[in-house]
Amino acid sequence: MRPGIILRTVLKSIFKKPATGDYPRDRSGMPAGFRGKLRFYPEKCIGCKMCMRDCPSEAITITEVAPKQFECEINLAKCIYCAQCVDTCPKKALEATGEFELAQLDLSKLKVVFHAKVDPGTEKPAE
Amino acid sequence: MFALFSIFIFPGFLFLSIFGLLAEFIDRKICARLQNRIGPPWFQPLADLIKLLGKEDIVPTEANIHMFTLAPIFAITATVCSVFYIPIWGTDALYSFNGDIIAVLYLLTIPTLTFFIGGWYSTSLYARIGAVRAITQLFAYEVPLFMAILASALLADTWSLSEMAAFYSRHPWYWCFNLIGFGVSLIALLGKLEKTPFDIPEAETEIVAGSFTEYSGRLLAFFRLTIDIEMIVCASLFAAVFLPFGLTLDPFIGFAVYMLKVLLVVALLSLLRTIVARLRIDQMIRFCWKYVAPLALLQIVINLILKIMLFK
Amino acid sequence: MHNAHEHEFKIPVGPQHPSLKEPENFSVALKGERILGVDIRLGYNHRGIEKAAEERTYVQDVYLIERVCGICSHAHSTAFVQAVEEIAKLQVPRRALYIRSIIGELERIHSHFLWLGVAGHEIGFDTLLMYTWRDREVVMDLLAQITGNRVNYGMNTIGGVRRDISDEQRKDILKGIDRLEERAKYYIKLALEETTIIKRLSGVGVVSHDDAIRLGAVGPTARASEVDRDVRRDDPYAAYAEISFNVITDDHNDVYGRTIVRLKELLESVKMLRQLLSGLPEGPIAIRVARKIPAGEALSRYEAPRGEDVHYVKSNGTEKPERVKIRAPTLANIQAVKHMLRDRYLADLPIVIAAIDPCFSCTDRLIAVDHLDSHKKEVMKWEDLRRYSIDWHKERGFDFSKLGAKLKG
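Heads up: the sequence lines are chains A, B and C, in that order.
Quick note: to get the numbering used here, add 9 to the position in the first sequence (first position is 1).
Quick note: to get the numbering used here, add 475 to the position in the second sequence (first position is 1).
Quick note: to get the numbering used here, add 36 to the position in the third sequence (first position is 1).
No lab work stands behind these hints, which were simulated from the structure alone.
The C-beta atom is built at its ideal place from N, Cα and C for all residues, glycine as well.
Please note that the accuracy of each hint is not assured.
Simulated restraints, written as ranges between beta carbons of each label pair [as the list claims (entries may be wrong)]:
id, chain 1, residue 1, chain 2, residue 2, range
1, B, Thr598, A, Lys26, 47 to 55 angstroms
2, B, Arg693, C, Leu72, 34 to 42 angstroms
3, C, Ala88, B, Ile548, 37 to 45 angstroms
4, A, Ala28, B, Tyr581, 42 to 50 angstroms
5, B, Leu746, A, Lys26, 18 to 26 angstroms
Throw the hints in and build the complete structure from the sequences for me.
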């Protein structure tokens, strides 16, 4: 039994680089494959709404803005970034990017809309 | 006029505050680097102090408001007073008289008593437990500390710190005789300044913040400043008694040597703080009375024998 | 006259206290520094997960159950998925079972390093906290690379796992666990020799072998009292039947023993990971599962880092489960805390509570109703409880017509 055994390791630490990352100066980010903010490809979506069925927190909404054209609204506050919708989508229209710095002061900015590319002639009349 | 200057500016309140904040920064930075972290920037203790001074003082309704508010003021006054008798860069302290060692040690005990009073009169249960622990810890480290410092004084045949410093400057190598006292004093200082392994009165994970649980705002700022100044004053005392070199040099170089000595003591305390865990109060008392006090006694005996041999 | 009860008082440790990482209430009766008794009140973290699980489909439930706890999230998710697969009589591919075990063992390593840091912090040894949590980053980076998140891995799905482990990731895991093994060996040396750690941890939180069995302790808490129980060996699930490992027990019976058990389990986990990675079979990682699970019920057990985790799932042929019940290991261990704290010092309280590795988020579930005034214990059935709750709310003027309206925003 000796007290202060950790002394040698502790003294060696003076010469090592600190283990703390100097965020926000050092933004090395997360490894590839990190489940961050979702991205939607409107041209691939077929409107089956399976993603809405499988979302554990009802964060994603698909609406039809024109025949066969769909837009997607994701509520970043409700999303739990599980990427189940990415797995469920049969057409691979959703993808999880690595973006995770999503904090906002304004709640309305947390609703992200991915608009569909709509031809002007086929737009549904506004309700 | 000179007295006012020395009380408020140098080596009084202003100098001690700035030096105390610097010492806290060095302590936290060294601790952080030893733990492989980055640590706070240099202005962190000052920022903490300013923030605390700007917050509201909340006094619990059941607390005794007079004792509650007076405790930090007494603490800071006592620590600032004690520095006047400690030789800083020459062999002469600001004021000295025969027996001022006892006065200094007594004045340095007062902060612990104020922690007890502040904690007890807070009437919060956590504060009371912390206060009682602070007093209990006093019984363990005070006696070895007194004995070790008085052992050095014995060899110098005087009860005045200034004359002791003069004696050791005349005989430069006599400080080696006090090495056991050096070790004992360092351990006792850990207890006095409430640093790990003896930070039992302020054990964050057991009793929230000990005696300081109910303090907030300016009163807490004073208590924290007291702790910082106490570190500087105790380190100065330690340096004056056990590291008495460079006292006969030119005042400016002597002052730089003094700063270095004090910061070295602070660094040593930081190192000791990072390598051990906290002890329980009963383990601490047993340890101090079983090992530390006998060593201090041994130092006294050695110094007595040496005194007889060297100064027949 | 000196009153014998003069110095007795009660302090509340929790629900907010620097030593507790999660809220629970321990009402400690003290006499000076001596603990006379502890009253435990649970329930501060009750979130209604079991009820919420009934409102969601099985696929959504996997993510809900995963969020019961942050550190043992894979344990809960796997236990739930295993129960559902047992009801549906699914044959999960072997590669998926191996991947589940790999993530499980990585999570165990992560949890034990975290525990070591927390134990260091509770005894005032902040250096140990900083070092162990620095080493934990290795495991968390590995898990982020494989699963896509540092906690709440989301690896399981009904019928297998969602992501595969590539060869590159396999090499990274092997390199990472080499480093972790070396650090674990250093911490074992530290725990065996450092005086202050031994002084603070020995003789504290003593539970004898018979008491451990009687109080129902599980996991490392029980194994430190020589209770030789481990679900991975006694009731193998996932890939544990196909690898060989030792169950670590220790005879110290106290917090020191629990430290040793957890540290040695770290080394065992590294050995298991090496076997699992080298024996990873080829094949698919998931099978297609119908959304409707046939009626049935199943009980599944999993050895979480804290002990035995039990999940019960009852299905009725629809997409949503009928009943999900979770018995977390901390609930079993917390009965032992009262026993451990008799006649000890206040300074031992944080480390004793930390030694059972409490995860109060897992713990707060429904158990029994205790009538305080008539001292009668009663276990209510589900329908009785619903009726009791509805009546209770009606008495206090709660308007049930607003139940269907959703919250705005």
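Cross-check of the supplied hints:
1. B:Thr598 with A:Lys26: 47 to 55 angstroms: Roughly 48 angstroms apart at Cβ, these two residues keep to the hinted range, so it holds.
2. B:Arg693 with C:Leu72: 34 to 42 angstroms: Given a distance of about 38 angstroms, which is inside 34 to 42 angstroms, the answer is holds.
3. C:Ala88 with B:Ile548: 37 to 45 angstroms: violated (55 angstroms)
4. A:Ala28 with B:Tyr581: 42 to 50 angstroms: At roughly 45 angstroms between Cβ atoms, Tyr581 of chain B and Ala28 of chain A fall inside 42 to 50 angstroms, so the hint holds.
5. B:Leu746 with A:Lys26: 18 to 26 angstroms: holds (20 angstroms)
Checked against the numbered hints listed earlier, the structure breaks hint 3 alone; every other hint is satisfied.
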